[in-house]
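A.B. asks: One line per chain: the protein sequences are A and B, in this order. Every letter in the first sequence is one number past the one before it in the working numbering, and letter 170, counting from 1, is 170. Every letter in the second sequence is one number past the one before it in the working numbering, and letter 11, counting from 1, is 11.
Hints are computed from structural coordinates only; laboratory data are not their basis. Check before you lean on any hint, since a few could be wrong.
To be verified - Below, simulated SDA-like cross-link-like pairs (lysine to any residue); rule was C-alpha separation at most 20 Å, straight line:
1. K68(A) to P122(B)
2. K94(A) to R197(B)
3. K68(A) to S38(A)
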Amino acid sequence: MKTATELWSNGRRRWIVIARDPERVAHLIDTNEYAMASDDEIVLTDPGGFEIFPMVFAAFAAELDASKITHIFASHQDPDVISSLSLWLHFNPKIKCHLSWLWQSFLPHFGGERDTFQPIPDEGRVLVVAGTTLEAIPAHYLHSSGNFHLYDPEARLLFSGDVGAALLPPSSGLFVTDFDGHIRHAEAFHRRWMGSNEAKRAWCERAAAMPIDLLCPQHGAIYRGKDVERFINWFSELEVGCLRAAAQHHEAA
Amino acid sequence: MAWPVHSPRAVRVTSSDFDLNRVAAVSDQIRHIARQGFLMQLHATNAMVMTRSHGVSVPGFEVVSEQMRQLSRELGTCLAELRNATVRWLRVVSHDVASARAIGILEAAAAASATSERVVRPVLARLIPPVDVDTTAGERRKFLELLDEARRFAATACVLARTAKLEATYGGALAVPLAEAAASFTELADSVDDSVRTIARRLSARRWSKT
Numbered sequence: 001m002k003t004a005t006e007l008w009s010n011g012r013r014r015w016i017v018i019a020r021d022p023e024r025v026a027h028l029i030d031t032n033e034y035a036m037a038s039d040d041e042i043v044l045t046d047p048g049g050f051e052i053f054p055m056v057f058a059a060f061a062a063e064l065d066a067s068k069i070t071h072i073f074a075s076h077q078d079p080d081v082i083s084s085l086s087l088w089l090h091f092n093p094k095i096k097c098h099l100s101w102l103w104q105s106f107l108p109h110f111g112g113e114r115d116t117f118q119p120i121p122d123e124g125r126v127l128v129v130a131g132t133t134l135e136a137i138p139a140h141y142l143h144s145s146g147n148f149h150l151y152d153p154e155a156r157l158l159f160s161g162d163v164g165a166a167l168l169p170p171s172s173g174l175f176v177t178d179f180d181g182h183i184r185h186a187e188a189f190h191r192r193w194m195g196s197n198e199a200k201r202a203w204c205e206r207a208a209a210m211p212i213d214l215l216c217p218q219h220g221a222i223y224r225g226k227d228v229e230r231f232i233n234w235f236s237e238l239e240v241g242c243l244r245a246a247a248q249h250h251e252a253a
Numbered sequence: 001m002a003w004p005v006h007s008p009r010a011v012r013v014t015s016s017d018f019d020l021n022r023v024a025a026v027s028d029q030i031r032h033i034a035r036q037g038f039l040m041q042l043h044a045t046n047a048m049v050m051t052r053s054h055g056v057s058v059p060g061f062e063v064v065s066e067q068m069r070q071l072s073r074e075l076g077t078c079l080a081e082l083r084n085a086t087v088r089w090l091r092v093v094s095h096d097v098a099s100a101r102a103i104g105i106l107e108a109a110a111a112a113s114a115t116s117e118r119v120v121r122p123v124l125a126r127l128i129p130p131v132d133v134d135t136t137a138g139e140r141r142k143f144l145e146l147l148d149e150a151r152r153f154a155a156t157a158c159v160l161a162r163t164a165k166l167e168a169t170y171g172g173a174l175a176v177p178l179a180e181a182a183a184s185f186t187e188l189a190d191s192v193d194d195s196v197r198t199i200a201r202r203l204s205a206r207r208w209s210k211t
């Protein structure tokens, strides 16, 4: 079963991560779900796929009350990100789902009503939830064409969706402890999934200017402290994008 | 603990009888009937053109052919309504299948821990319909009424085809081609009748009846 772990707290609100299911079936990619909870409201980020809902929910319910989820933040439109939406809506049909405007007519295929969806414009937006301000940070083409990350300035926590993701062996820890060893599991993923060097550079410049203590991807381990900066530097140097992948494929052929 | 992530279990949706495969099979039969109805109309028109172009008067056969054309048109209208009913029925079935899947997933979530059980049970209670509630009953009744109508058309077509066979014998020089046309009517009418019966059989296979 997945477990919920507290990442940050100031006494009034806290961030938890739901991660690491040792009994996960191998054909479903592992995901991390994050929740920012106050006494009255909960924001859930990338709540995961339909199939893994029982595992996510069980870990969530051990810590938090599902009926208090008022907002869901979807970094992008992928099924492992948000296909469980209709199930979460059973606990509070008034949940607002924030996502790129680009996907606002696509996501209803996973459930929800017209007023469930709160489109985020390309330039991003501030979300005021549970008495705090969260920022939807543009990360378009990393990897989705309509893609956002969620930043909590007080917690200095950046939920980074697929950026920073790594496809790790099953027994891996929740946090990055050996950056060089870890990043090997992230390299192929980033080279192929991240579609644009230009978008990557813009994101790296933006991220480097933000105070970040915790960089929290949807897959793999969480970067903290100096490893955040290491990751941004590593990513800025990495050649990514579809043209590169196509060229490699051509050479291989 | 191994999670039953691919087994929507304990599904108690009464309308789960109406599975998607069954709707798909019925849709195939409707398509087949529509094709036969179109051919029926085409053959009837051909027969009328044939008698008129040869200047031969076979009034009985012409009346039957005209009736056959009229019947084919009405059958077409009935089939269009049946298709609409199928789409509505399919919508209900799809919703039920999705609900059953959601119920299966939520039941797995409820089984995870005592806390989960306490939170998820009330949601499940809202989602799972009472055993005696059948959400598809209205659609099913409408569908069966339309099917009855199609069955009457098929029976009438069979009678008309037999009459055409008799009338063809008064066709003089055209007796042989008219007999062939009548044989086509019979074949097509039988095929339509057979398909309508097949649909009725499929629908009544498991607890399917109009009452």
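A.B. asks: Going through the numbered hints above, which ones does this structure break? Give me the numbers in ascending order.
C.D. replies: 2
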